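Model the placement of chain B on the given structure of chain A, informed by the hints.
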Amino acid sequence: MTENTAKKLVGPQNMRITESKRTKDMTAIELRRRVIESIYHAKSGHPGGSLSICDILAVLYFDEMNIDPTNPHDPDRDRLVLSKGHAAPALYAALALKGFFPIENLNTLRKVDSDMQGHPCMNKIAGVDMSTGSLGQGLSIANGMALAAKYDKKDYRVYVICGDGEIQEGQIWEAAMSCAHYKLDNLTLFIDLNGLQIDGTTNEVMSIGPIDKKFEAFGFNVLSIDGHNEHEIKSAIASAKKCKGKPTAVICKTVKGKGVSFMEDEVGFHGSAPNEEQYKLAMKELEQ
Amino acid sequence: MSVSTREAYGRALVTLAPDNEFLVLDADLAEATQTRYFKKEYPQRFFDMGISEADMMSTAAGMATCGKKVFASTFAMFAAGRAYEQIRNSIAYPNLPVVVAATHGGVMIGEDGASHQTVEDISLMRSMPNMTVVVPSDGYSTTQLVKQAINFDKPLYLRMGRGATADVYNNNEEITIGKGNVLKDGKDLTIIAVGELVTEALKASEQLEAQGISAAVIDMHTVKPIDRELVTQYAKKTKNIITAEDHNIIGGLGSAVAEILAETNDAKLKRLGVNDQYGRSGTRAQLQQHFNLTAQGIIDLYRK
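One line per chain: the protein sequences are A and B, in this order. If you read the first sequence in numbering that gives the first Met the number 0, its first letter stands for residue 0, the second for the next number, and so on. If you read the second sequence in numbering that gives the first Met the number 0, its first letter stands for residue 0, the second for the next number, and so on.
Only chain A is shown next, with the shape it has when bound in the complex (with noise of 0.2 Å):
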């Protein structure tokens, strides 16, 4: 893919890589099983794009972020917006496993007496920095809170985590060229490239490469990483923090479905809940 092209990530041995704080069930395979076991008791969600954002969530929450899940609120706390809020199971499994509601909760996904919202609501889940679902607002949105941070004198980062179907939106571009207009290195973006929209692949549906390019021209600093490779994305972050004076795109190559055989690079799963028997066969994969 002409994606996969762009610049290696250079230099990750000398760059100093957060401590990790984990406990031994944080771990994105941990995360996997909760996303499955969600979606199968809701009986409809999206397994597709959670399963493929899982390793970039599990380093974000429970390697880098600065975040309390006593103080939700912190004014001081990093920040991440969801773009791709269909991704819900992903985002609430480890904030979950973070400790900011039981996980028990996590079982109640998309029911009607429950919080668990289909798509992510920042006024029913603590932990949740806002409320997404209608693809394309993230980055602005994002931009909003990295300015806003520039403009209090506040060092927390932003992190936003876009679909690669969802930059075919207009507002994504409209907002690549805002937060390198405005300097925003204390963004980052990561780009959840796993080729699959609801249509088909992101090739037949509408051609989005070179993606790499793209955010180039528009000033971003551009890593290409593989997006289940937790070192790599480690070293992003790191690179990101590094680069002063524009954001950085994280451009992460990933599988949808990742971590179930029969799910992996499957259009089909991107929005249907797995049958029982699927639902015992994912969760055995993922024993291992």
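Honestly, the hints are just simulated from the structure, not real lab data. Owing to the predicted nature of the structure, the values given are computational and were not obtained by experimental measurement. Beta carbons are placed, not taken as given, at the ideal position from N, Cα and C, and that holds for glycine. Fair warning: there could be bad hints in the mix.
[As the list claims (entries may be wrong)] DSS-like cross-link-like pairs, simulated, lysine-lysine; straight-line CA separation at most 27 Å:
# : chain 1 : residue 1 : chain 2 : residue 2
1 : A       : Lys149    : B       : Lys39
2 : B       : Lys183    : B       : Lys153
3 : A       : Lys149    : B       : Lys68
[Unchecked claim] Simulated DEER-style distance windows between Cβ atoms:
#  : chain 1 : residue 1 : chain 2 : residue 2 : range
4  : A       : Asp75     : B       : Gln147    : 22 to 32 Å
5  : B       : Arg279    : A       : Asp75     : 45 to 55 Å
6  : B       : Asn129    : A       : Gly117    : 42 to 52 Å
7  : B       : Gly80     : A       : Glu203    : 25 to 35 Å
8  : B       : Asn264    : A       : Pro68     : 46 to 56 Å
9  : B       : Lys178    : A       : Ser113    : 37 to 47 Å
10 : B       : Asn264    : A       : Thr200    : 52 to 62 Å
Below, chain B without anything else, positioned relative to chain A:
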């Protein structure tokens, strides 16, 4: 002194800036929305987002999540129209206290024509849960309402006009979001108006008085939540109501009043506004005549 509501808005931002913490965003229209005064005096608190209204609204939302009070300004057409969904999903649904401060609402903006003359914005914003809709009628009321907007803890749509309007208030009345102001009492008819039609309503009331008809005038600057108590009180008292607005008669002030009267059946209602059509080029005075948005239009409707 006659002043446009947009001019009063721009001046108010500067006047209120020293004692109030807020930021202002604009989408390359500071020269027209009049945020230019604020931009000049407080450049560090002003962010031009370029010609990208959608981006601006979501950016304002992001700032609001960080505790910033933001006025996001552009023309009403591009705020309520172009950025409708950003206002809906990034501002109103999360209930963030952004002030969408929109100027150039209605057909009376003049020569720019239909592409710039929104007659749907009040309707769009009114039907959005969590949103409050405010339409000031003169310079004084604009200043008072902008002042309240700063401490308002919910999303707010502030709709202003382009042209200068005569003073409606004596600069000492209390104006409160959610409370209509009775400008003149009456017993035969109540004219409920917003924005630039308030002065027309006052003129119509004067002319009707000369003809022996006593018409009350209410400035219903807050279209949502509408002052139901006041509408009901005057519906019972005068039995006849005319609404007047520079907006489509569908979905705006006329509809808001109709919704109350349909339930209470306390008065007969007639609505003056743009009759479900697009605007056109012309001077403000010509357009007022063309669309009947005048004191005479109100009187003719009453006589009909």
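Hints and how they fare:
1. Lys149(A) / Lys39(B): Holds. Lysine 149(A) to lysine 39(B) sits at ~20 Å (cutoff 27 Å).
2. Lys183(B) / Lys153(B): violated (31 Å)
3. Lys149(A) / Lys68(B): holds (15 Å)
4. Asp75(A) / Gln147(B): 22 to 32 Å: holds (30 Å)
5. Arg279(B) / Asp75(A): 45 to 55 Å: holds (53 Å)
6. Asn129(B) / Gly117(A): 42 to 52 Å: Because 19 Å falls outside the window, the suggested range is violated.
7. Gly80(B) / Glu203(A): 25 to 35 Å: At roughly 32 Å between Cβ atoms, glutamate 203(A) and glycine 80(B) fall inside 25 to 35 Å, so the hint holds.
8. Asn264(B) / Pro68(A): 46 to 56 Å: This hint holds: roughly 55 Å between Cβ atoms.
9. Lys178(B) / Ser113(A): 37 to 47 Å: At 38 Å between Cβs, range holds.
10. Asn264(B) / Thr200(A): 52 to 62 Å: Hint holds: Cβ distance 60 Å, inside 52 to 62 Å.
Checked against the numbered hints given earlier, this structure breaks hints 2 and 6; the rest are met.
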